[in-house]
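Heads up: the sequence lines are chains A and B, in that order.
Here the first sequence stands for residues 1 to 166, numbered as in my numbering.
Here the second sequence stands for residues 1 to 251, numbered as in my numbering.
Fair warning: there could be bad hints in the mix.
[What the hints assert, rightly or not] List of simulated lysine-lysine pairs, PhoX-like, C-alpha gap at most 25 Å: (1) Lys207(B) <-> Lys155(B); (2) Lys166(A) <-> Lys116(B); (3) Lys131(B) <-> Lys166(A); (4) Lys60(B) <-> Lys67(A); (5) Lys115(A) <-> Lys207(B); (6) Lys116(B) <-> Lys131(B).
Derived by calculation from the structure, the hints in this document are not laboratory data.
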Amino acid sequence: MTSTEQNIDHKLITILEKVSDPEIPVLSIMDMGVVRSATVVNDIVKVEITPTYSGCPAMDVIGDDIKKALNDAGYKSEIDLILHPAWTTDWITPRGRKALEDYGIAAPLDAEADKDVLLNGKRIVKCTKCGSQNTRLVSQFGSTACKAQFQCDDCQEPFDYFKCLK
Amino acid sequence: MKNENLYNYLLGIADNSLILGQRMGELCGHGPSLETDIACTNISLDLFGQVRSYFQYAGKIVGDGRTEDDIAMLRKERDYKNVLLVEQPNTNFAFTIGRQFLFDVYHLIFLAELQKSNDLTLSAIANKCIKEVSYHVRFSSDWVKRLGDGTEESKAKMQEAIDALWTYTDELFHQTEADVAMVAKGIGVDVTKLKEDYYLRVGELLKEATLHVPESKWFQKGGKEGIHTEHLGYLLSDLQYMQRTYPNMEW
Chain A
1 MTSTEQNIDH KLITILEKVS DPEIPVLSIM DMGVVRSATV VNDIVKVEIT
51 PTYSGCPAMD VIGDDIKKAL NDAGYKSEID LILHPAWTTD WITPRGRKAL
101 EDYGIAAPLD AEADKDVLLN GKRIVKCTKC GSQNTRLVSQ FGSTACKAQF
151 QCDDCQEPFD YFKCLK
Chain B
1 MKNENLYNYL LGIADNSLIL GQRMGELCGH GPSLETDIAC TNISLDLFGQ
51 VRSYFQYAGK IVGDGRTEDD IAMLRKERDY KNVLLVEQPN TNFAFTIGRQ
101 FLFDVYHLIF LAELQKSNDL TLSAIANKCI KEVSYHVRFS SDWVKRLGDG
151 TEESKAKMQE AIDALWTYTD ELFHQTEADV AMVAKGIGVD VTKLKEDYYL
201 RVGELLKEAT LHVPESKWFQ KGGKEGIHTE HLGYLLSDLQ YMQRTYPNME
251 W
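Just chain B, same shape as in the assembly (with noise of 0.2 Å):
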């Protein structure tokens, strides 16, 4: 395959946003209020319009004819790249609100380091992203803080879900094959140097929420190499159940 390392490179991005967005798209009409359903809804579409940059990329520079929605939908379990933080069910808001707030910190950091990619098409995608997760970032640490410095049984609740979802914490900073080419060329992001960062920012908000930092050192890993947890297959059922059904719809 033509320009595989870049191609992986880009699903690896893409997939947690493309996962992470379904998963917040399972809100819509569930939300705990009808003003949070719409934010989770509105992280959800701008997560997607953000893959589908990614996507359509990615087929451009594979060039054998793939489109956006092919690579969204018509891949199997292993092939999807996401971590495994993104994958997790929304247990309850605490747990949904935890999980978005993991993830954006470090999509935050990330996307900061991607504006300076030496692919321009990369960049301007980072550039356009950054603005968005900005918005993302500030409405979950807003409800990490409500929940954690709130009331006894949303603070519980709180802890609860960063407790079991920090052991998916680590894995955001693991390489994958396709990230020590792309770093090589200046093109990816070294996500080992962000780890220090993450740790620190998310530990003081975590403070600033009256909540403790899980000190567990186990952490689990395998999502960016397609060994994921148990979630993924029913939330993939989901994801791809039209184009399963009715090869080749459009809409």
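Looking at chain A on its own, in the form it has when it is part of the complex (with noise of 0.2 Å):
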């Protein structure tokens, strides 16, 4: 398996996007790219999901989430943690990215981009309210491990980055 394949039935999927992230409520795990594998064996179904960050406190919950959204669809599951591949923002889907951007949270650049914001100072990530790009890093560490804490200078508004993970 390369790093960015996924395995997953396809009956499995409509049930799979119901669920979402419990921090990021609009973003379903499925465009978080956290789900690696679904697959049904001997009338188990056995998930394989990602850690966004190690200490992410969502993984359990989202665990728990899947099996009960499975079972209420009538299949017993099974839920694996795995880490190898490890997790990048490069899996988030552009409906995730789009869902990210709806709800206040600036989507992650590339890596060079990301680079430049959040060491050299650089002006790119666009606010999420105005649409300005004159905003500028407040904390590389923002409301969960994953997003950084960005300020608009031209419409004032505090809002979180997605950091780029690779």
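Each of the two chains sits in its own frame; use the hints to bring them together as a complex.
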């Protein structure tokens, strides 16, 4: 399996899409890219999920939520947490990126641009409220480990930026 | 005990993160500003997450039913294998940052090597952790520069912290019995080979922060063998309180 491949049984997709990240409720775990495989083996659904950050407290909840969603759909399930290949922000789908932006979290830039904004103070992260790029880094760590804190110097909106993880 | 060397090796790595994570966690609600408070506790959370991966693996390879919680919470002081550096207290913010910086630089180059381990679980954990740790290094380096190249007072405090913590840096490159055994098997990292790169990186950053590199050649050691400074006992009494008071409690 290459790092970007997922192995998900078609009939499970609609069920799994209904499970969302507990900290970002607009974002489905499928769009987040944390579900790496979901297959039915001997009537039991085996799901492999991978954490965004090692210490992400959402993972236990996500595991429970997947179990519950599958149970409601009549499936027994086993959830496995896998570490390899490690999650990257590249796995967030275009629909996921849009959901983040709509929710007020700036989607991750590519690795080079990410370095520029976090280390060199470059102003290119788009404000999620007014779209201005006149924004500055307030803190490299935001409300959760995966985000940094920004503020827009035009509309003054404080917002989170989802850090690039590669 | 089954896989004793690998078990001890995993604990040697994980205990550094556990104890440093606990120290950073102490700042929850006490950081010098809201942003740094959140940053320190986020780093703490990353470290605890990493510890869980190591301890879960350690529990599995021993195979006697002990869980990650048992390993984290129910050992005695002498059984913790963390380096002395990470147990040093949050004397002031310069000490917190200095300790973090001196460990982060090591942590980053250590994980880069651990990624090459022929133990697939360990290399996967390293591969995951290094992404997080690269953010930690940025954060702590940034603050060392800001404080070092800041006001007269911040510079003095930053220098004082680096001078005081310097004596604990050499221990990072000491090998334990488990280290030697794991290096021989291609599982572990030969830390003695990281020393030069470490002091080079640290020295460059200190220079950039307009601080001087301590010259003392007197170094403390013992943590890796379980001989700790007086600070660890107090830290553990906090860390273990709930499990000792309510045995087997679960969240």
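Of the hints stated earlier, which fail here?
-> none
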